[in-house]
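From first to last, the protein sequence lines are chains W, R, P and X.
Note that our numbering has the first sequence beginning at 1, numbered continuously upward.
Note that our numbering has the second sequence beginning at 1, numbered continuously upward.
Note that our numbering has the third sequence beginning at 1, numbered continuously upward.
Note that our numbering has the fourth sequence beginning at 1, numbered continuously upward.
Read the hints as simulated data drawn from the structure, not as lab findings.
Incorrect hints may appear among the rest.
Each computed BS3-like pair below joins lysine-lysine, with the alpha-carbon atoms no more than 30 Å apart [stated by the list, open to error]: (1) R:K476 with X:K149; (2) R:K459 with W:K459; (3) X:K325 with R:K200; (4) X:K325 with R:K476; (5) W:K305 with P:K54; (6) R:K252 with X:K54; (7) W:K252 with P:K54; (8) W:K252 with W:K121; (9) W:K121 with P:K307; (10) X:K150 with X:K325; (11) X:K307 with R:K476; (12) W:K459 with W:K476; (13) X:K54 with R:K121; (14) W:K200 with P:K325; (15) P:K325 with W:K476; (16) R:K121 with R:K305; (17) R:K459 with P:K325; (18) P:K307 with W:K461.
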Amino acid sequence: MSDVRTIFELSAQNRGAAAQHLSERPGAMDDIPASLRRERAPGLPEVSELQVVRHYTNLSRKNFSIDTNFYPLGSCTMKYNPRGAHRAASLPGFLNRHPLAPDSASQGFMACLHELQEILKDVTGMQGVSLTPMAGAQGEFAGVAMIRAYHEARGDHARNEILVPSAAHGTNPATAAMCGYRVAEVPVNASGDVDLEALKLAVGPQTAGLMMTNPSTCGVFERGIESIAAVVHDAGGLLYYDGANLNAILGKVKPGSMGFDVLHMNLHKTFATPHGGGGPGAGPVGVGERLLPYLPVPFVAQDAKGAYRWVTDAELPDSIGRLSAYAGNAGILLRALAYALMLGREGMHRVGEYSTLNANYLARRLEDAGFELAYPDRRATHEFILTFSESARSRDVTAMDFAKRLLDYGIHSPTTYFPLLIPECFLIEPTETETKAELDAFVDALVAIQREAEADPEKVKGAPYDLPVRRLDDVKAARELDLAWRG
Amino acid sequence: MSDVRTIFELSAQNRGAAAQHLSERPGAMDDIPASLRRERAPGLPEVSELQVVRHYTNLSRKNFSIDTNFYPLGSCTMKYNPRGAHRAASLPGFLNRHPLAPDSASQGFMACLHELQEILKDVTGMQGVSLTPMAGAQGEFAGVAMIRAYHEARGDHARNEILVPSAAHGTNPATAAMCGYRVAEVPVNASGDVDLEALKLAVGPQTAGLMMTNPSTCGVFERGIESIAAVVHDAGGLLYYDGANLNAILGKVKPGSMGFDVLHMNLHKTFATPHGGGGPGAGPVGVGERLLPYLPVPFVAQDAKGAYRWVTDAELPDSIGRLSAYAGNAGILLRALAYALMLGREGMHRVGEYSTLNANYLARRLEDAGFELAYPDRRATHEFILTFSESARSRDVTAMDFAKRLLDYGIHSPTTYFPLLIPECFLIEPTETETKAELDAFVDALVAIQREAEADPEKVKGAPYDLPVRRLDDVKAARELDLAWRG
Amino acid sequence: MPFIPHTAEEVQVMLSQIGVARTEDLFDEIPQNLRAGALSSVPAGASELEMLRKLGARAALDESVVCFAGAGSYDHHIPAAVWDLTSRGEFMTAYTPYQAEASQGTLQLIYEYQSMMTALTGLDVSNASVYDGASGLAEAVLMAVRSNKKARSRTVLLPDSLHPHYAAAARNICRHQSVEFVGMALDHDGRVDLEALETDGPDEVCAVVVQQPNFFGMLEDVDALTDWAAERGGLVIAVVNPLALAVLKPPGEWGGSGADIACGEGQPLGVPMSSGGPAFGFICCRSALVRQLPGRVIGRTEDLTGKPGFTLTLQAREQHIRRGKATSNICTNQGLLVTAATIHMSLLGPVGLARIAEHCHANTRALVEALTAIDGVEARHQGPFFHERVLQLPRPADEVVAGLLERGILGGVALGAYHESMNHDLLVCATEKRTDDEIGRYAAALREVIAR
Amino acid sequence: MPFIPHTAEEVQVMLSQIGVARTEDLFDEIPQNLRAGALSSVPAGASELEMLRKLGARAALDESVVCFAGAGSYDHHIPAAVWDLTSRGEFMTAYTPYQAEASQGTLQLIYEYQSMMTALTGLDVSNASVYDGASGLAEAVLMAVRSNKKARSRTVLLPDSLHPHYAAAARNICRHQSVEFVGMALDHDGRVDLEALETDGPDEVCAVVVQQPNFFGMLEDVDALTDWAAERGGLVIAVVNPLALAVLKPPGEWGGSGADIACGEGQPLGVPMSSGGPAFGFICCRSALVRQLPGRVIGRTEDLTGKPGFTLTLQAREQHIRRGKATSNICTNQGLLVTAATIHMSLLGPVGLARIAEHCHANTRALVEALTAIDGVEARHQGPFFHERVLQLPRPADEVVAGLLERGILGGVALGAYHESMNHDLLVCATEKRTDDEIGRYAAALREVIAR
Ligand SMILES: Cc1ncc(COP(=O)(O)O)c(C=O)c1O
Ligand SMILES: Cc1ncc(COP(=O)(O)O)c(C=O)c1O
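Start from the sequences, fold in the hints, and give me the full structure.
Set out below in structure tokens:
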């Protein structure tokens with residue numbers, strides 16, 4: 001019997017969590033004219049402390065999460081989020097540091113950022129890193145803005161287009177647009193690689209750059225990467241690496257070696273920081289030599305005596321500047337550093353190896369069980385694609401139906417319907433922190449659902465059954481907008 | 001699909017949570033002869049950190065708790081456990097204090113214990129308090145041991161019997177026995193008061209003391225308490241107050257005023273410290289003038305300059321001594337102090353008032369809904385008794401069946417079959433931290449179950465249905481003992 | 001192998017299922033010359049204990065200053081329950097609620113959050129968060145530019161009293177979309193000079209940004225500014241402190257018709273300062289602008305049995321559907337901090353939040369009184385302010401800050417770095433956490449430092 | 001009203017349902033003269049912020065000493081996950097699992113705990129915890145006395161190397177049940193003098209207590225002691241440090257037939273020192289003694305569909321059923337700490353626990369080496385020890401401890417208070433948390449203090 005009341009429905013006038021109410025301070029506001037003050041109190045809930053604790057504890061229990069479920073969401077790297085990293089970031093010295101505390105009172109924190117910058121430079125093979133972007137998409141923004149600044153500094157104003165492969169994540173074209181670029185798509189061929197001939201035709205003096213992931217969002221390693229880099233560079237464009245899939249090659253291949261000029265990393269993927277039900281993340285950018293002058297500020301530098309200082313646009317006048325109020329999602333950066341320190345040099349390699357092992361094992365088991373891989377002739381990377389188009393066609397049981405039914409088996413669904421170019425697909429990313437037993441249970445569940453779909457398709461199409469709600473009406477949600485409680 | 005595997009079934013040889021493994025230290029143990037060392041590693045699980053986190057997170061989700069459910073367990077005072085108190089006790093200065101740190105490095109902690117001692121003295125009307133007992137039962141032991149020491153010090157060796165009312169909690173007779181006493185029961189009359197005439201007959205030169213709660217475990221206030229005290233005292237016995245029900249009269253009546261010579265409190269009830277799925281608790285004892293020399297050690301005293309020191313048996317030679325390795329459940333004592341400080345003088349009264357209001361409201365609503373109160377003519381205190389003997393007789397639907405079915409309604413069952421003298425009973429204690437809405441929902445649930453019991457008794461007898469397991473076989477558990485995983 | 005559960009036996013079974021001999025073979029599609037060498041800048045792996053020892057020592061270096069700094073990040077008390085609940089694995093380790101049925105916890109919570117933010121701002125709708133206050137302002141400006149179809153102007157007015165980092169971020173993020181930012185000068189008391197605006201301001205604007213309280217803690221004449229903007233066809237973007245909204249007039253009630261968009265930094269609602277992040281930015285707006293909102297929005301709907309439930313909605317605005325035509329590129333936002341803020345607001349309620357605001361304001365008044373009692377220390381501005389003020393010192397403020405730090409006090413934010421003319425100016429704030437004793441210690445320390 | 005949710009309106013509705021005018025009327029059965037007056041020792045109510053400010057200041061007073069004390073309470077690292085999980089509301093705010101179906105989390109966890117403890121001790125069964133190590137020893141003694149029906153003797157031998165607080169608690173708790181405690185003298189190296197025992201020991205005993213490692217950190221000849229006891233009809237009660245059991249011979253394998261009961265303090269398994277509590281005591285024993293176990297025991301069973309499940313079992317031993325004839329009066333135990341320990345043991349596993357033990361031992365060896373390099377400082381005992389040792393100092397140990405404290409070091413436990421002859425003796429311990437640097441600082445500080 002899951003309660004569906006909102007916190008507002010538990011509220012009663014003049015109830016409250018009184019231990020949280022400070023004493024009255026009569027006259028405290030008497031220096032502020034009434035015209036600037038609020039007339040009526042805001043309609044926030046008035047509830048007791050137990051009501052709050054019980055309500056939100058129970059709400060949390062309606063979520064799937066890494067801590068409770070296998071969560072093989074492709075492109076999201078839902079690996080174990082070490083509690084030790086959470087502890088490190090929660091140390092009082094870090095939690096209570098004011099963002100504008102002078103350097104002299106911040107050497108501990110700045111040492112952490114500096115160390116992380118160095119680690120990320122090494123891991124990516126880049127020359128400079130700025131940690132300030134707050135998520136992958138802001139990293140992309142920073143990266144493309146740097147590409148723009150680079151071309152503009154050279155007076156190369158004709159470059160007004162960014163290329164993306166057709167399988168690209170939505171943030172890539174959206175970012176290019178935010179940076180004032182036109183977006184053109186480059187097709188991907190049948191084995192998941194970029195169509196090199198098409199790329200050659202697509203580049204030109206208008207090309208500012210190409211954004212891509214590698215491994216690509218097709219779950220395969222882009223084998224033509226060196227040729228692609230050559231084509232783009234020859235045309236005068238720069239190569240942007242979307243680091244969302246870095247997990248697959250961590251410690252094995254450095255994006256810098258593949259010819260990328262600029263990149264972002266998603267620390268909330270590869271570096272195991274918690275996703276928090278939608279965020280926060282951190283999207284540090286790394287650049288090669290040519291883009292060093294444009295890095296977003298602030299970042300940390302170390303002087304000869306070992307003291308740390310903030311680099312701002314005073315010191316780096318061509319910087320694309322700051323993109324947020326302070327220095328990015330510091331707490332996430334600290335978690336990522338903690339994780340990197342625990343992995344260490346020798347552990348970095350293993351991330352790529354075991355995430356790849358898990359994905360290939362799972363792909364092979366599913367293929368053996370009769371499921372259709374999108375790229376059967378390719379190695380899986382840390383993720384791979386399954387397509388249910390046959391099931392959708394023959395029985396009208398779609399990828400979404402499989403996804404919803406998986407929830408009843410206690411498994412979070414893989415990413416569905418992405419990348420867009422593969423119909424009825426699952427993008428499956430098990431990550432290296434899951435056991436073989438979890439992978440086997442996933443295969444068992446999909447096999448069982450497949451049997452259900454054959455015997456009783458409606459059963460699958462009606463899923464989920466055992467969750468706090470049955471399948472939700474998205475159309476109603478969009479048509480009859482109810483975005484805030486109105487009593 | 002709730003997983004029923006134990007952690008051992010997730011284990012595999014040479015798996016492990018490697019970030020928790022310190023480096024090898026070859027030769028570290030080479031000074032210890034092999035004959036003193038372990039030959040085979042202990043059979044502990046070998047699991048990854050994610051496996052541990054997921055396993056125990058999911059296990060926790062199989063519990064009912066205050067944070068998730070209404071939990072009106074009579075005699076247990078399942079009220080909100082303030083998170084602020086948990087925070088206070090978790091301050092590093094408290095968590096990391098070594099129990100044998102010298103006084104000079106412990107003044108902060110000792111100030112807390114001293115303040116709590118003073119508060120508890122005031123609230124109970126006693127002359128001295130020792131915080132060391134680790135739970136109610138150990139408090140009882142300390143109390144009865146002090147009674148014994150008192151009589152013995154006076155050369156009064158004939159007193160070999162402790163009286164308890166027939167409704168007494170099991171720890172009372174068990175404690176008396178541990179202290180080497182015979183136990184005799186005093187009957188309780190039809191309105192829940194001790195049978196004064198029977199008591200008069202029961203006391204004598206053999207009487208060491210009488211142990212009782214007030215409000216009693218019948219959920220009523222013992223109206224004859226002053227006469228009882230007189231009878232026991234006149235016979236040369238002492239009066240022990242079992243403070244398990246202190247919540248009902250907190251700030252309203254001091255046990256000292258009722259004539260009690262010695263008492264324990266259950267801070268994990270009245271002072272809102274968490275029960276932890278079975279403990280820890282804290283059972284401080286308070287004494288009147290006569291028993292001061294016998295208080296268990298250590299406790300904290302303050303000298304004229306304001307410095308705190310430990311009182312040990314060096315200073316208090318007649319003390320019954322220490323009952324544990326250090327100074328009791330310090331962390332629980334800190335939580336209780338935090339709670340007391342947040343309640344404050346004015347909040348103490350309200351605990352008794354609102355817990356009593358909630359119980360009386362709930363009793364009245366249930367009575368109006370047709371349920372049978374054990375003591376319909378009495379005021380409820382902070383708890384009250386319902387009996388299902390009619391239902392058990394006429395339909396074979398017992399109190400246990402109602403209890404199990406309540407679980408399906410998301411409500412933890414009240415205490416069942418206690419006190420022993422009321423057949424088929426529920427002892428219901430809503431506590432002051434629950435809203436009227438929760439109480440109304442409880443009534444609705446019981447009414448609904450009553451209807452089910454009338455329409456389809458088997459339905460109720462088969463409950464629960466919606467929990468991680470159906471009704472468990474206790475007989476099998478006791479007959480085919482399986483107390484440890486053996487692979 | 002930290003965080004990797006595989007045993008050697010399992011690896012063998014898995015490899016043979018795949019049909020390769022070694023894990024290395026799985027990388028055979030990667031050109032050999034691309035393989036990375038050693039990672040020389042990454043130290044050897046540390047156990048959790050060693051890692052915490054290292055980071056613990058660093059954290060301790062920065063600890064134990066008493067904070068009188070504000071400037072957008074405030075040292076408020078956070079009830080213990082807030083993070084005890086927020087850090088539950090089910091909240092912390094879930095992804096974006098793509099599978100609504102398996103994410104009702106997060107979804108309902110965000111719906112409640114949206115409701116609370118609209119209550120605070122007096123506007124109709126809220127999104128599910130953006131990165132922070134500064135980037136949120138940029139998003140709000142882009143929203144305004146997109147939605148103000150009537151206006152022929154692309155001019156967006158930014159007051160000189162706006163947080164300078166917000167102004168910078170907004171300029172940097174909007175740079176490529178031909179927005180024309182124009183400043184609004186201040187009067188002597190650190191507020192937008194309304195008279196100058198009336199006389200010299202543009203006749204037509206696309207949007208006007210108003211920060212309340214402004215960077216200097218001063219309260220702007222929001223009604224007049226709002227009406228002025230409306231008369232010139234401009235949308236009003238309010239940049240507000242959500243805690244202040246417990247006591248100050250909500251943007252939805254500014255002027256004759258209210259502000260159109262409100263944005264700001266959510267940190268004061270239950271989020272530790274944590275060097276400035278993670279916290280969250282919020283954006284609320286009138287219903288009419290809902291399709292221009294960036295980022296995620298949650299709606300209430302029903303399941304197929306009619307039971308209420310919650311889901312991501314209006315996704316056609318977002319990058320994963322709309323790609324190059326999305327309202328923003330934002331994908332991951334600041335969900336966990338929204339979780340904390342929602343629990344925080346529930347615990348505090350209207351009374352609790354207002355009390356905090358009152359204590360902050362009263363403490364800052366007391367602080368200013370104590371400090372301006374010192375010779376040569378004066379309040380820079382006159383007029384109404386909220387919980388933060390600029391003090392003029394007899395010595396350069398950065399030197400004073402350094403001197404105070406030696407005495408364990410973070411005395412505020414020296415403004416010289418932002419405004420040349422404010423070299424001797426210090427922005428101070430005393431939240432509800434500051435005690436009379438601490439204020440006294442600050443005053444004593446300041447006396448010493450100035451005398452030095 | 002802190003923690004009370006009632007509104008005035010609700011109170012009115014409730015009172016009228018009950019049929020009284022005022023809440024006060026609900027207390028009308030209580031004689032008026034019993035009513036309490038004011039609570040003069042209780043301060044006025046504080047908000048959570050104020051309370052934390054007060055207790056925070058006190059906690060800070062006792063902070064920041066580097067701990068080299070052991071003596072039964074050890075400063076170990078606790079993996080972050082342990083308490084993140086343990087403090088989940090579902091574990092922390094549940095009661096004793098009386099309603100098994102609604103408590104499977106706690107019940108299964110305790111079953112796992114029992115299994116782990118039997119693995120560590122090499123015995124058959126474990127209970128669900130008792131209060132602590134010292135009271136646990138008392139319970140073990142009472143168990144032994146009840147179960148050793150063969151023995152005519154009520155003599156229980158306690159070695160002089162037993163933790164003195166354990167000896168005191170055991171005596172105080174068993175005092176009323178005519179147990180005769182007799183001491184076992186020590187040899188020069190702080191271990192039970194086996195020769196003396198052979199010559200002067202009693203011919204028949206009820207039980208023999210053996211602590212391993214003993215209070216001084218020395219390792220007893222547990223095999224010989226066990227065999228000696230068995231020959232005299234006595235049960236052997238092992239008092240053991242569970243962490244040490246990762247590397248030391250388990251009680252179940254002591255001597256020819258093993259110890260009969262093992263008990264001890266669980267604090268080293270994931271529980272903070274916290275001034276000595278809450279932690280937990282454990283008791284394991286042979287199957288034959290299971291019905292004498294005090295406290296709760298969990299068993300695995302099935303539900304009515306045959307699905308495995310867990311429940312309280314053997315309740316006929318307990319006070320709520322057996323009342324005056326129960327095996328103990330214990331009711332509430334130390335469940336939450338058992339939760340922490342179970343998670344801790346799962347995270348560490350056999351390898352992790354052994355590594356910690358090794359590091360502790362190696363660090364203590366290094367510490368002893370560094371300190372005994374100082375003139376006049378010597379190891380008191382010779383022979384095998386584990387992770388803790390007694391040092392003889394040239395000055396009274398309590399003075400030295402005071403001097404070290406001024407230098408931020410808790411140097412150990414001065415033994416003069418326990419044994420008159422040990423006035424210059426200091427019991428020291430360096431856990432895995434102590435670094436070489438800290439050991440060096442200790443040595444430097446000790447040099448200064450001794451020289452003073
Ligand atoms: C391939 C790819 N690129 C970019 C992003 C955007 O990253 P973020 O969500 O951190 O903004 C994602 C996130 O899902 C992604 O999968
Ligand atoms: C009336 C009564 N007395 C004593 C006790 C024993 O207290 P504890 O469990 O803290 O040992 C209880 C606990 O349930 C109780 O209800």
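How the hints compare with the structure:
1. R:K476 with X:K149: holds, 29 Å
2. R:K459 with W:K459: holds, 27 Å
3. X:K325 with R:K200: Holds: K325 of chain X and K200 of chain R sit about 26 Å apart, inside 30 Å.
4. X:K325 with R:K476: At roughly 24 Å apart (the allowed maximum being 30 Å), K476 of chain R and K325 of chain X satisfy the hint.
5. W:K305 with P:K54: holds, 20 Å
6. R:K252 with X:K54: Judged against 30 Å, a Cα distance of about 27 Å means the pair holds.
7. W:K252 with P:K54: holds, 27 Å
8. W:K252 with W:K121: Answer holds: K252 of chain W to K121 of chain W is near 14 Å, not above 30 Å.
9. W:K121 with P:K307: Given that 30 Å is the threshold and the Cα spacing comes to 51 Å, the pair is violated.
10. X:K150 with X:K325: OK: K150 of chain X and K325 of chain X at ~21 Å, within 30 Å.
11. X:K307 with R:K476: holds, 13 Å
12. W:K459 with W:K476: holds, 23 Å
13. X:K54 with R:K121: holds, 21 Å
14. W:K200 with P:K325: It holds: about 26 Å lies between the C-alpha atoms, which stays within 30 Å.
15. P:K325 with W:K476: With Cα atoms ~24 Å apart, K325 of chain P and K476 of chain W stay inside 30 Å; holds.
16. R:K121 with R:K305: Holds - the C-alpha atoms of K305 of chain R and K121 of chain R are around 22 Å apart, at most 30 Å.
17. R:K459 with P:K325: Cα-Cα ~58 Å, so violated.
18. P:K307 with W:K461: holds, 18 Å
Of the numbered hints listed earlier, those contradicted by the structure are 9 and 17.
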